[in-house]
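Asks: Residue strings, one per chain:
Protein chains: 2
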Amino acid sequence: MSHQALDFLFAPRSIALVGITISKPDHWTRTFLDSLLKFRFKGQIYLVNPRGGEIHGLKVYKSLDDISDEVDYVISTVPAQAALKLVEECAGKGVRAVHFCTAGFSETGEEGREGLEAELAELSRRKGVRIIGPNCMGIYCPDSGLSFSKDFPKESGSVGFISQSGGNAADLVRLVMWRGVRFSKVVSYGNACDLNESDFLEYLGSDPYTKIVALYIEGVKDGRRFRQALTKIAGEKVIILLKGGTTAGGARAVAGHTGALAGNDAIWDALCKQLRVIRVHSIDQLADTLVTLSFMDIPRGRNVALIGVGGGASVLIADEFEKRGLNVPPLPQTIRSYIQEFTPIAGNILRNPIDCLETITETKSLVRILDIVSSWSEIDFLVGFLRPSQASPSLRGVMVQMVERMLRKSKAVSKPMGVVLEPSILPKEAKEVFSFIQEFVSFKLPVYFSFSGAADALNLVLNYYESLDNKLRTKPC
Amino acid sequence: MSHQALDFLFAPRSIALVGITISKPDHWTRTFLDSLLKFRFKGQIYLVNPRGGEIHGLKVYKSLDDISDEVDYVISTVPAQAALKLVEECAGKGVRAVHFCTAGFSETGEEGREGLEAELAELSRRKGVRIIGPNCMGIYCPDSGLSFSKDFPKESGSVGFISQSGGNAADLVRLVMWRGVRFSKVVSYGNACDLNESDFLEYLGSDPYTKIVALYIEGVKDGRRFRQALTKIAGEKVIILLKGGTTAGGARAVAGHTGALAGNDAIWDALCKQLRVIRVHSIDQLADTLVTLSFMDIPRGRNVALIGVGGGASVLIADEFEKRGLNVPPLPQTIRSYIQEFTPIAGNILRNPIDCLETITETKSLVRILDIVSSWSEIDFLVGFLRPSQASPSLRGVMVQMVERMLRKSKAVSKPMGVVLEPSILPKEAKEVFSFIQEFVSFKLPVYFSFSGAADALNLVLNYYESLDNKLRTKPC
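First to last, the sequence lines map onto chains A and B. Heads up: the first sequence begins at 95 in the working numbering, then just goes up one per residue. Heads up: the second sequence begins at 95 in the working numbering, then just goes up one per residue.
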């Protein structure tokens, strides 16, 4: 299937929401209409429900046939029992694709329902109506104004995400959107009775807007085709994989979620190693890896300078980094003596990690420290760290100024740099941390939420870059 | 040293803050005065600084000698160079113990300063003045109104924490206080030139208020004595250890932080295994373990029912639990059919994990599901899970009602139970999640912040209980 072949899914000219609930305006399935309106979808929007009526001033048609204009794309929330009939109607109306949000098929594990899904697939092929799903959230493509959440970013980006789970897709978008990552296309494709992971992978592989391909896969419909697509694309783009169902219990959950077969985990591991696919093991790790690929300039090597606040925190972050094969080399005496010129030795730790609370709050010399440390030839990248519990009010104020000075007025940091800001569950602190995050993100710095998360992602991304020839080592976006 | 021997440290009758800053009212060292006032310390508070003056209406004495009454305990923020003189003055005044917050000793790695610390230790022994520190935050003992943060809880609890790092001590208290954990005594003891980890461990071992002993250790002064104390106490109380400096870089950070020798990590591992000390590898893990020990009734075994919202989340949480040797057995057909009587099969996953979004929001039947699942004989404990991104406004409202009904009006849950609530960095969501946390905590439920965190802690605590004879298996508090 060529790239263009699926373009109609991502940029429909008109959309009908068939089965939209009239009686329950708070029901979560209303997200499809809310999102199209919030994103100012440029094409026509039609609502269909046998009851008729009106929602937000939009007429509700009693059937697809009642719509006089062409309908390109249907988002279905009809019950499973009405799915076949809907495909027939769509074929009659010239609809090219139906996204069945509708659940209640093979994932239920009930025999009749597996048969129903098979029939749906067969009918769609026969009638030439492509199906996304059933049992999924469909497409988020900000450029077309198509989304399954009104809270997703309206700007487009370079990450494509193929997710068998709608919830995990939404989680990932939300986890990285405040850290600056944007998406070209996201597909939640559920049971994949017609269009499956290979279709979407091939499509994103040849999509010029997609530089990084992220995958959440529960099971694969056609292993050979998937492997071929993966092999081809892995040579051209960065691929990150989160595989769900790696344990017996997880595999049973997969069967109950999308009716898929989870497969042998060792095979997945070998495949990832062979094809240089970055394998992650949680949504958080996937998020941290995307943030790193998007915003961390490529470090020349594994030597890191850690600069932050807290002696005990310094010890723990050094352990987390070195445990993962990142090196925290000792600060040489020459570098140390430069810093000591303006930094009291009591209350600061002038090693690596550098704990310079006193200097930051007292003498506002963080810029000088960063300048000196980044000039240290042995160091490949820098990571700053701050826990909210150790950020006194005065430190917080100074931090914002420092970031400003550090990154706008001075060229202090000549090496790649990231920041760990631990979040807080306390509403007041959470608000402050959030404003810090926004400040750092505005300077295109990668922001992490834990020492281990930062170390994991940096290690995974360094592994990836190290596996490439030197000349191929370019930041994907 | 007998238990009573250190009581004077934790319940002084009068305290002098020597070296309190006059010129910098926003300096972090003011936390000692702020905390004593906020905690309404019952004894006398004296302030000492050669400049004299007044702070918050309290007279500032120019020297210790100017105070006419007895002084029991001193908190020192004088410069390192003035430390010896202060000990002399304390001895003259009859002060029993000095907490030297003062830094600038062996942790700097400078020869003269190591000598200074040795002198300080020698002088304190000669004069009979005990020293906590130097380079530390000292004591938090809510019962006495002694604290190094004004934001710590005022109520006492059953966890004792010995931490070489003041920052890590503060982090732990803050991480668990909103989840219901309270402390008997916390000591940040820094360089340990006089009183060291063994003194405090022996003390907490015989302290009747301390049921769980948590340790953050960077290095040990007297290995033999420490091991003896650990062996004795491990037979009587639960001990949890976080060891800082497990890597070469971490060990260098330890030297720079408290001047300690980190030691061989394999020895620590063997020691923990042999003595049934629960070994954790981060502050978050330590926090999760404390929450589990405090609020999770002891499960009979490793079989868990996972109940929450989200199909993809179900797959990932099942993987996290099974990866750690916790079992997520399949829901038997009988149990499933009971739930199916009132739960639509489409949009819900009636396996294990049970994903019952539709049921919770539509039919308010969570109580019935919990009732049925906890009656399932194969299940030892239950864990609920919710990600903020998947909690629609209607679900949030229902959740609060459900918790209420579930735990107050019904006896639905006859098995141990915990809840995973993922936090959000978004201020608005963070506020909501925080109110959920408070709701659950008010019912004495353990609350976790990630799937992996919950699985880690439950596995560690189950390992611990499994290592005990059946008759010794009692919840520590």
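It is worth saying that the hints were derived from the structure and are not from the lab. Remember, it's a predicted structure, so these values are computed and weren't measured experimentally. Any given hint might turn out to be false.
Because identical chains cannot be distinguished in the list, a pair is counted as satisfied if it fits within a single copy or across any two copies.
Unchecked claim - DSS-like, lysine-lysine: derived pairs with alpha carbons at most 30 Å apart:
1. K132 <-> K315
2. K417 <-> K315
3. K569 <-> K331
4. K525 <-> K118
5. K522 <-> K244
6. K509 <-> K367
7. K522 <-> K118
8. K136 <-> K509
9. K326 <-> K522
10. K248 <-> K522
11. K326 <-> K118
12. K315 <-> K565
13. K248 <-> K331
14. K569 <-> K367
15. K522 <-> K538
16. K326 <-> K156
17. K417 <-> K187
Asks: Each hint: holds or not?
Replies: Status of each hint after checking the structure:
{"no.": "1", "hint": "K132 <-> K315", "verdict": "neither (35 Å within a copy, 63 Å between copies)"}
{"no.": "2", "hint": "K417 <-> K315", "verdict": "between (38 Å within a copy, 25 Å between copies)"}
{"no.": "3", "hint": "K569 <-> K331", "verdict": "within (10 Å within a copy, 52 Å between copies)"}
{"no.": "4", "hint": "K525 <-> K118", "verdict": "between (33 Å within a copy, 27 Å between copies)"}
{"no.": "5", "hint": "K522 <-> K244", "verdict": "both (26 Å within a copy, 16 Å between copies)"}
{"no.": "6", "hint": "K509 <-> K367", "verdict": "within (29 Å within a copy, 43 Å between copies)"}
{"no.": "7", "hint": "K522 <-> K118", "verdict": "between (35 Å within a copy, 25 Å between copies)"}
{"no.": "8", "hint": "K136 <-> K509", "verdict": "neither (43 Å within a copy, 53 Å between copies)"}
{"no.": "9", "hint": "K326 <-> K522", "verdict": "neither (48 Å within a copy, 43 Å between copies)"}
{"no.": "10", "hint": "K248 <-> K522", "verdict": "both (28 Å within a copy, 20 Å between copies)"}
{"no.": "11", "hint": "K326 <-> K118", "verdict": "neither (46 Å within a copy, 63 Å between copies)"}
{"no.": "12", "hint": "K315 <-> K565", "verdict": "neither (36 Å within a copy, 52 Å between copies)"}
{"no.": "13", "hint": "K248 <-> K331", "verdict": "within (24 Å within a copy, 55 Å between copies)"}
{"no.": "14", "hint": "K569 <-> K367", "verdict": "within (20 Å within a copy, 45 Å between copies)"}
{"no.": "15", "hint": "K522 <-> K538", "verdict": "both (25 Å within a copy, 24 Å between copies)"}
{"no.": "16", "hint": "K326 <-> K156", "verdict": "neither (46 Å within a copy, 78 Å between copies)"}
{"no.": "17", "hint": "K417 <-> K187", "verdict": "neither (60 Å within a copy, 49 Å between copies)"}
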